[in-house]
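**Q** With chain A's structure known, arrange chain B on it following the hints.
Read off the chains here:
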Amino acid sequence: MAKPKRLREFDVVRDDEKCIRCEVCCRMCANDVHSYDAETDKVSADSAKCVGCHFCEDVCPTEALVIKRNKSQIKQNANWKSDALGNIIKQAETGGVVLIGMGNDRPIRDYFGRIVLNASQVTNPSIDPLREPMELKTFIGSKPDRIELVEKKSKVRNTTEIPPQLELETPVLFTAMSFGSISLNACKSLAKAACDFGTYWNTGEGGLHKDLYPYAHRCIVQVASGRFGVDREYLKKGAAIEIKIGQGAKPGIGGHLPGEKVSGEISSTRMIPEGTDALSPAPHHDIYSIEDLRQLIFALKEATDYKKPVGVKIAAVHNVAPIASGIVRAGADFVVIDGIRGGTGAAPQIIRDNVGIPIELAVAAVDQRLREEGIRHKASLIAAGGIKSSGDVVKAVALGADAVYIGTAALVALGCHLCQRCYTGKCNWGIATQDPYLTKRLNPEIGAKRAYNLLRGWSLEIKEMLGGMGINAIESLRGNKEQLRGIGLHEKELELLGIKHAGEAW
Amino acid sequence: MSDKKVNKPRRIIIREEYCMGCRLCEVWCIVAHSKSKDIIKAYKGQEPRPVSGIYFEERGAVSFTLQCRHCEDAPCLEACLTGAMYRDKKTGMVLHNKDKCVGCWMCIMACPYGVIKPDFKKKKVASKCDLCIELEFPACVEHCPNEAIILVDKEGERIDKE
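First to last, the sequence lines map onto chains A and B.
Taken in order, the first sequence gives residues 387 to 892; the numbers are from our numbering.
Taken in order, the second sequence gives residues 525 to 686; the numbers are from our numbering.
Calculated from the structure, these hints are not laboratory results.
Among the clues, some could well be false.
With the C-beta cut set under 7 Å, the calculated list includes, among others, these residues of chain A facing chain B [stated by the list, open to error]: (1) C408; (2) V445; (3) P822; (4) R827.
Distance ranges between label pairs, derived from CB positions [unchecked claim]: (5) A/E449 <-> B/E671: 32 to 42 Å; (6) B/L590 <-> A/S654: 45 to 55 Å; (7) A/P669 <-> B/E581: 46 to 56 Å; (8) A/Y692 <-> B/L590: 29 to 39 Å; (9) B/L659 <-> A/E619: 44 to 54 Å.
No residue lacks a Cβ here, since even glycine has one placed at the ideal position from N, Cα and C.
Only chain A is shown next, with the shape it has when bound in the complex (with noise of 0.2 Å):
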């Protein structure tokens, strides 16, 4: 039989001094690379099985374990990499599309890194959040055109009618990530933490889960083109619903969820039959036009009786501005645009890494367009994709957005090492798993109260910034590029981006 060939990455070095035999190594791999040999009395690794989640690392009660990355090294090549020599061996192994997990990992330039905010100094005072009110909250939906004031025996009234709003404590949701590919238990932790915090998550096209229900007050139902989960109850236990065409991950392509993890549960919450592939086409077959949109727009806001927020999400591409323009003309009232380093379950590697535009310059270019169109107001935006820190919510906030997306960083917050392996549902954390003995890894009350740090630990990250500004509400932030200055971007990206350089007075 031919030795299958591959490029191991990863080394798991056991301190034999330190290792006990207590076999917790053993027992947590759901790679199995680890073993205990009574015979010997050794516990030894198959390093070559690692994906390095670092899980072992984790529950060794000694810190026996390091996993490190493999330093047996190809000849260095400018051009060929590990990682493409890697693919190259195992595509001529397989035959098949390289599947990754996670967000975009190449070098693709930082803009968020490249950016740097402005604070008061003398001619303007900066402002303490810890002793004067700093307001974060956020208003999602679409505003009117104007306020509508009639005068009645010398008393004002306001007759504006406001569109339905989603009302955020702070300019941060939770994206979507569906029950399938990610346990229930992680959706339960992420879904918790939105209602005490009081922002919202996202069922993505997971459907709602009976056991979500207490939690639907603050989650956005997303309607994606395989229509999983999707009914009249779906639609009215939302606070808003999201219609998504595309993810940053892997922009112009479906999803798929095999077969093996349709369990009972998953089948009736997407109402598929049990053990069938969960296959969402690449396109919605009823839209090819944003005529086409504008229709199923209204259509799910008559389901909803207009009662409730209907956005788009799509990834960031090259025509994202003009694009976000007619998807705000078709009657949206947020627009989602999802980068390049936004994250997935499963996609091609190829797709992933390749596909699709840095957020920071979709958003600049968005927010430019329907400002120039005088549509801005109509709809909210959020930013979604590599948003890593509070810095970059203020940053992405200060561009154009109104609120950011995270999903990355909120799984980062429950355990996720970034292995990039989610589409082999062997995640060690609980998290990209169905797997029974894997999910119960992940206990909903642990992972509710680490995801509400997370929120808690930013906001007040977001508040200090603004104070340093001296703006003591993020609304006065959104689409503010004076506080922004770009170090090392030349003329172009900052004509994109809409800010100056560094060093560049007002």
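**A** Relative to chain A, chain B alone:
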């Protein structure tokens, strides 16, 4: 045993839906009842390794641990000939005095949960959960990475380690 730090009734609750089967509770139970209370010394040193007071059950994806329930109507107390098994008045816990134990193992026979372990060498009762009465906090509760083992007071309110 006048230096006991625990003087209120408390109870361990097992939540099998969160038990991931790592068996770290057993590891830390052994450490907590070792002479040195040091994990490396307890496992690799010269000192005798105690037996954990925890029974671990697993089949497929279902796993949980079982410790002495400290029954209100404890059959082991009735069965004990010598009074080695006794109830602590302050905490209501069922404890075991090894000095008095003659190894008749009637407690093991009588225990409806099967959570008392025999010592085949010394012909005595080897181990039984004492809720870590000598420590402030049960080791298995403290070290359960997924909070599958929790500690509650008489009213069922959860007790966390300070």
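**Q** Given A/C408 was flagged as interface, is its beta-carbon under 7 Å from a beta-carbon of chain B?
**A** holds, 5 Å
**Q** When you take the CB atoms of B/L590 and A/S654, is the distance between them in 45 to 55 Å?
**A** This hint is violated: roughly 33 Å between Cβ atoms.
**Q** Using the beta carbons of B/L659 and A/E619, state whether their distance is inside 44 to 54 Å or not.
**A** holds, 51 Å
**Q** Is 46 to 56 Å a correct range for the gap between the Cβ atoms of A/P669 and B/E581?
**A** Because 51 Å falls inside the window, the suggested range holds.
**Q** Regarding the hint that A/R827 lies at the interface with chain B, is the smallest CB-CB distance below 7 Å?
**A** holds, 4 Å
**Q** Does the Cβ pair A/E449, B/E671 satisfy 32 to 42 Å?
**A** violated, 21 Å
**Q** Is it true that the C-beta distance of A/Y692 to B/L590 lies inside 29 to 39 Å, as the hint says?
**A** violated, 56 Å
**Q** Regarding the hint that A/P822 lies at the interface with chain B, is the smallest CB-CB distance below 7 Å?
**A** holds, 4 Å
**Q** Taking the least C-beta to C-beta distance, is A/V445 closer than 7 Å to chain B?
**A** Where the cut-off is 7 Å and the nearest Cβ of chain B is about 6 Å from A/V445, the hint holds.
Hint compliance for this structure: hints 5, 6, 8 are broken, all remaining hints hold.
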